[in-house]
Amino acid sequence: MQSCTVLVSVTVIQMVAQSTVIRVNVKSEEQIHLLQALETAQEWEVDFWLDPVSTELPVDIRVPRFSLIPVKEHLTFHNIPFTVMIENVQELLDKEKAEMEANQMKERSTRSLNFGAYHDLNTIYSWMDTLVADYPNLITKQHIGVSYENRPMYVLKFSTGGYNRPAIWVDTGIHAREWVTQATGVWTANKIATDYGTDASLTSLLNTMDLYMLIVANPDGYVFSHTNDRMWRKTRSVNPGYACRGVDPNRNWDAGFGGPGASSYPCSDSYHGPSANSEIEVKNVVNLIQSHGNFKAFISVHSYSQLLMYPYGYVCSSANHQAELHSVGRAAAQKLTSLYGTAYQVGSICNIIYQASGGSIDWSYNSGIKYSFAFELRDTGRYGFILPADQIIPTASETWLALKHIMEYVRDHPY
Amino acid sequence: MMRLVVVLAVLMGVSGIPDVTISPPTASADTSAHPNSIPETADESEQIKARTEEGAEEDVMATGELNPNHYPARRAAQVVQHYLNTRYGSPFRLIGVQTVHSGNAEDVADSGRKYQLELSVNDIITNTTQTCSAELFFPKGKGQQPPEVKASLEELLKIDIKAQEEALYQKYKTNQTLMSAQYLPDSHGHIEPDMKPFWHLGILASSFIMLNESTENTLYNVAQVANITQLTTEEDHLEFDCHTLLHEVVSQEIIHWKMLFTWSPAEGVKVVQMKRLPHRHEREKSPKTN
Chain G
53 MQSCTVLVSV TVIQMVAQST VIRVNVKSEE QIHLLQALET AQEWEVDFWL DPVSTELPVD
113 IRVPRFSLIP VKEHLTFHNI PFTVMIENVQ ELLDKEKAEM EANQMKERST RSLNFGAYHD
173 LNTIYSWMDT LVADYPNLIT KQHIGVSYEN RPMYVLKFST GGYNRPAIWV DTGIHAREWV
233 TQATGVWTAN KIATDYGTDA SLTSLLNTMD LYMLIVANPD GYVFSHTNDR MWRKTRSVNP
293 GYACRGVDPN RNWDAGFGGP GASSYPCSDS YHGPSANSEI EVKNVVNLIQ SHGNFKAFIS
353 VHSYSQLLMY PYGYVCSSAN HQAELHSVGR AAAQKLTSLY GTAYQVGSIC NIIYQASGGS
413 IDWSYNSGIK YSFAFELRDT GRYGFILPAD QIIPTASETW LALKHIMEYV RDHPY
Chain Y
1328 MMRLVVVLAV LMGVSGIPDV TISPPTASAD TSAHPNSIPE TADESEQIKA RTEEGAEEDV
1388 MATGELNPNH YPARRAAQVV QHYLNTRYGS PFRLIGVQTV HSGNAEDVAD SGRKYQLELS
1448 VNDIITNTTQ TCSAELFFPK GKGQQPPEVK ASLEELLKID IKAQEEALYQ KYKTNQTLMS
1508 AQYLPDSHGH IEPDMKPFWH LGILASSFIM LNESTENTLY NVAQVANITQ LTTEEDHLEF
1568 DCHTLLHEVV SQEIIHWKML FTWSPAEGVK VVQMKRLPHR HEREKSPKTN
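These protein sequence lines are chains G and Y, in that order.
Going by the numbering used here, the letters in the first sequence line up with residues 53 to 467, in that order.
Going by the numbering used here, the letters in the second sequence line up with residues 1328 to 1617, in that order.
In short, the hints are calculated from the structure, not lab data.
All C-beta atoms, glycine included, are put in the ideal place defined by N, C-alpha and C.
Check each hint, because a few of them may be wrong.
[What the hints assert, rightly or not] Here are the simulated distance ranges between beta carbons:
no., chain 1, residue 1, chain 2, residue 2, range
1, G, S327, Y, S1507, 43 to 53 Å
2, G, A169, Y, I1486, 27 to 37 Å
3, Y, T1559, G, Q70, 39 to 49 Å
Isolated chain G (complex conformation) (with noise of 0.2 Å):
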């Protein structure tokens, strides 16, 4: 058998095992006999690796452990020397396996990450600098902030260069349990990377906006529905006086703050927190999105209901550009329905899932970015947070066409 120094194929590898590979280097035609009647000696079941031919090459044999004293001891007695390549050519086949899944585990965690799992907020954050590494023309890690936790904040902001250009911002995440949001946030920062530059609307776009992607926007939350408990919803601050953690990041905002639908009880999943912008991680927004100052497009991506929505939440009556919001979010929602059929509710928040105050669509709006969408992700509540893994493709991949649909409208329509 003649081989290089790795062998791949299962059968052969359970042939090999414990075995010394030596190398001899012939001298004389006698020697080149000798050794061709060695392969012949059935007890000790050696094969060549190189075959003996002829005195200008060495010939490589692979030796079973068990006669490899008896071997050894007959190319000494025949006066032919020999030295030893492998000395255990098990070892070395499991070291390279191991070295193989290291770079496929490598590779994996680069463009190609399994985007169709749920992954934990260090495997996010990696990932996140090797999409930068790979597409450094297009895309800078900003870092934005500290959650309370002091866990870092990050926003991929995809920009093809000019000054401060009308902006879109995305941020998926805020409420920690709802995590096929994060998981679409992954797969849509993927997805512009490697489609820039050969989807012509998305290119277009990208050649006079800039796309801002939260991705988690509450990493805490994250973390903490990681470890200890699935269902966690809100930030982990700590509320004085209560053994309750947490304020709702999506009742924290200013507008309308503390009025119906945020409840004043530390205890409650929808706990407004003690001020507006109490919480660091809305802040940290706020703070980004002001002093940018030309942001024309705002969406929050959250689950569970299959809905997409503007605003108001915090009252029920009509904001000025309803009409023209409506619209947009109509024929965005016709285009996620167009590839599986998923049907969506649109409508503004207010009317379609109930007041809330604080909620961060309604300050942006009120703070003339115009386009302001909320989507809530499947499903509608058979598995609701805990959405299977199978199915966080298939969402990315409808939402996108809604987000798309959207972002397309917005560069088209300058304000």
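Following the hints, put chain Y in place on chain G, whose structure we already have.
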């Protein structure tokens, strides 16, 4: 045919921890409050256009013709779903609301509010749909009174599940060890195929609770079956102890319930006992001193 049999919650107080009411003081979802700030008025024409498209504002509990996409109709539809599951559900038949086509709501003197709905429901397992008309009554007044529902299914009942039900029943009536499962589905939404009937049973038993607890200001789903354990019984049914997490959408709370229930192909699901478990934080109620 299943009958709604619910024995009122037995207080099995454990070391003096009382049953507590579900909602901490949250603001009501009743939208009669005035806004804090009123946005600038838009063009008259634009506003009128928006209203006719979206339907009238819902400053008070919606009355008259309901917008089928808005929450009053959808919450009522969810109640119908829970009712249908208590009545017709099975480990092999689970009903879900698909679409609300139209709805109507009105006050009934001082006693409560009545709804009429036209909707489409589907059998989640076989993905078969049928239309359904329903009537609901939400009683007013002190004390949690469950809503009354009138709705029926014909088409979906024609799907034959008897063989599957019998097979499940026989398997677990005669098995050597009692089954027990946790976290259906798990954190990643995964559930073993042969555990699905027990997930469904947990949802069905929970439907009795969700039906009981529903008002016009709630929307319930089962978030997860935390634990379902088979108990021994001499009688002609299977018996289970079950702990489920309910998600109440309006308050966004996760509410834990424990149930004792029975199931057989002949009798369907009967909830024998149910008890709301205190929220994690209610067990740590004493304020922390800094």
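- For G:S327 and Y:S1507, compare the CB-CB distance with the range 43 to 53 Å and indicate the outcome. holds, 47 Å
- Has the hinted range 27 to 37 Å been met by the Cβ atoms of G:A169 and Y:I1486? Holds, at about 34 Å.
- Query: Does the Cβ pair Y:T1559, G:Q70 satisfy 39 to 49 Å?
  - Reply: violated, 54 Å
In summary, the structure is inconsistent with hint 3 from the numbered list given earlier, while agreeing with all the others.
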